[in-house]
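There are 2 protein chains.
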Amino acid sequence: MRDSEKQIVRALPLFSGMLEANFEAMLAGSFLQRFPATVVLFSESDLTDFLHILVDGQVELFASANNREGTMTLIKPVATFVLASALVDGAYQMSARTLTSSQILMIPAENIRVAMLADRDFAHKAVLELASCYHGVVRAYKNIKLRTGVERLANYLLVQHRRQGGDTLTLPVEKRTLASMLGITPENLSRAFSTLKPYGVKVDGPKIDLQNIKDLESLAKPSELIDTL
Amino acid sequence: MRDSEKQIVRALPLFSGMLEANFEAMLAGSFLQRFPATVVLFSESDLTDFLHILVDGQVELFASANNREGTMTLIKPVATFVLASALVDGAYQMSARTLTSSQILMIPAENIRVAMLADRDFAHKAVLELASCYHGVVRAYKNIKLRTGVERLANYLLVQHRRQGGDTLTLPVEKRTLASMLGITPENLSRAFSTLKPYGVKVDGPKIDLQNIKDLESLAKPSELIDTL
DNA sequence: TCACAGGCTTGACAATTATCAAGCGATCCG
DNA sequence: CGGATCGCTTGATAATTGTCAAGCCTGTGA
Chain A
2 MRDSEKQIVR ALPLFSGMLE ANFEAMLAGS FLQRFPATVV LFSESDLTDF
52 LHILVDGQVE LFASANNREG TMTLIKPVAT FVLASALVDG AYQMSARTLT
102 SSQILMIPAE NIRVAMLADR DFAHKAVLEL ASCYHGVVRA YKNIKLRTGV
152 ERLANYLLVQ HRRQGGDTLT LPVEKRTLAS MLGITPENLS RAFSTLKPYG
202 VKVDGPKIDL QNIKDLESLA KPSELIDTL
Chain B
2 MRDSEKQIVR ALPLFSGMLE ANFEAMLAGS FLQRFPATVV LFSESDLTDF
52 LHILVDGQVE LFASANNREG TMTLIKPVAT FVLASALVDG AYQMSARTLT
102 SSQILMIPAE NIRVAMLADR DFAHKAVLEL ASCYHGVVRA YKNIKLRTGV
152 ERLANYLLVQ HRRQGGDTLT LPVEKRTLAS MLGITPENLS RAFSTLKPYG
202 VKVDGPKIDL QNIKDLESLA KPSELIDTL
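Line by line, the protein sequences are chains A and B.
In terms of the working numbering, the first sequence opens at residue 2 and continues consecutively.
In terms of the working numbering, the second sequence opens at residue 2 and continues consecutively.
No wet-lab data here; the hints were simulated from the structure.
This structure is a prediction, so every number in the text was calculated from the model and none was measured.
Wrong hints could be hidden among the right ones.
It does not matter which identical chain is used: a pair holds within one copy or between any two.
[What the hints assert, rightly or not] Under the rule of at most 30 Å between Cα atoms (straight-line distance), these lysine-lysine pairs were calculated in the DSBU-like manner: (1) K176 <-> K203; (2) K222 <-> K203; (3) K146 <-> K77; (4) K203 <-> K7; (5) K126 <-> K176; (6) K77 <-> K7; (7) K7 <-> K146; (8) K126 <-> K208; (9) K7 <-> K176; (10) K77 <-> K126; (11) K198 <-> K126; (12) K208 <-> K7; (13) K146 <-> K208.
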């Protein structure tokens, strides 16, 4: 692991206030690895061996039951994932796979638990990070429980539009992955896009043009407490 | 606040390891109050003033959007709720109402944040509590995303059956609340019970009899990672 | 170049869930 | 007691979503 990569991780809020000695001790036994696309990193029922940090690429957290599968969330660099699981010494609860070739730092979960007991600042940052992740899942839960598929898509597009800034937005993932994230089938995602055409949504492959934000918002009814900037 | 009530709170894992002085300081400005049934304690967009601890009664956390409403979770005594919100100084993210007459201890959120910085053990326990709450919402999210309404009901009944031990179980909440928790309408809950009749589910008001666990399980396909004991 | 695989779309149909309306039975209260 | 309210149920119908099948388009590799 190069020093430049170490600095990238160190800059994350979660680690930025740690004592140097504790940070170094935590990294003992960790390794930075590159995975190709479409590789399953771990399964939801596996015991949590590592805290993962996505340094580069894209990772999907998903879950399975009843022969069905659904995306829980998408991870973008640089960010940690499965922190909660690493802290409690149980199963991962979610499965993970790479969507693209990805570089991932894996820190033994045991080290994380030791660091939490040893380093005050890390414990405090872990509290804030967990609270933030908690509210993230709460938002996802509200989203799927209180909105129809078309509404979820409309709100997703509005959020992406604000995030990306320009007047046309580009979907950051394949449509089938977007469908799974929205909790619908790929077929219904296609139909949802058709439904949104009268609201000024122009689709050209992964490029989306929102030509009537007002109308789209009147359908989507965005909520500050669900749709993150 | 009586000493006996203080001891009940002190016994919660979250507080049990705190230094006495920190525990007392945290309680400054808190108050124990009794609310009648059906009272809204706070709304999801309100700023978080208090950590709440349900000492007696029953509380529902719910959310609203689009003129729709859904139960997020039910709180049973003795337990804290909205810990994550109290720790980050933002909106509650969920609304709360009493389902029955309830006794609730309210601790100023500011005190909680101070306690986290001052008391190591409390910070560590907060990490564990938050991780556990996080996995709780993850399970709820998987449940609604990967199962149909009938499957969710079947699994709910199996969990209640194991929890309550006897051969007949009693629903702990009104059926309309159960419906909202399962993410379906009261009408469809009635129909879901009818659908489960061939699987040995006998309904008599709030009393449910499971006469064929095997068949019910084959339909429910329970999962350790979703259905908590 | 051409065949092929994979992602996406569309159509037809089925399953799931919601909505609206009506009615039943228990409880509460004047 | 009588009337009203409320929770629950049932029926009829509509909206939403999923499944299966087929076809289109693009990029890839023989």
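Okay, the hints, checked on the actual structure:
1. K176 <-> K203: Classified as within; 15 Å inside a copy, 44 Å across copies.
2. K222 <-> K203: within (20 Å within a copy, 41 Å between copies)
3. K146 <-> K77: Close inside one copy (25 Å) and across copies (22 Å); limit 30 Å.
4. K203 <-> K7: neither (43 Å within a copy, 61 Å between copies)
5. K126 <-> K176: Neither. Shortest intra-copy (35 Å) and inter-copy (41 Å) distances fail the 30 Å Cα cut-off.
6. K77 <-> K7: within (18 Å within a copy, 45 Å between copies)
7. K7 <-> K146: Classified as neither: same-chain Cα gap 40 Å, cross-chain 37 Å, threshold 30 Å.
8. K126 <-> K208: Answer is neither: 38 Å inside a copy and 46 Å across each miss the 30 Å cutoff.
9. K7 <-> K176: Neither: 34 Å inside a chain and 54 Å across chains, both beyond 30 Å.
10. K77 <-> K126: both (20 Å within a copy, 29 Å between copies)
11. K198 <-> K126: Classified as neither: same-chain Cα gap 44 Å, cross-chain 50 Å, threshold 30 Å.
12. K208 <-> K7: neither (35 Å within a copy, 59 Å between copies)
13. K146 <-> K208: Answer is both; intra-copy 28 Å and inter-copy 27 Å each pass.
When each numbered hint is compared with the structure, violations occur for hints 4, 5, 7, 8, 9, 11 and 12.
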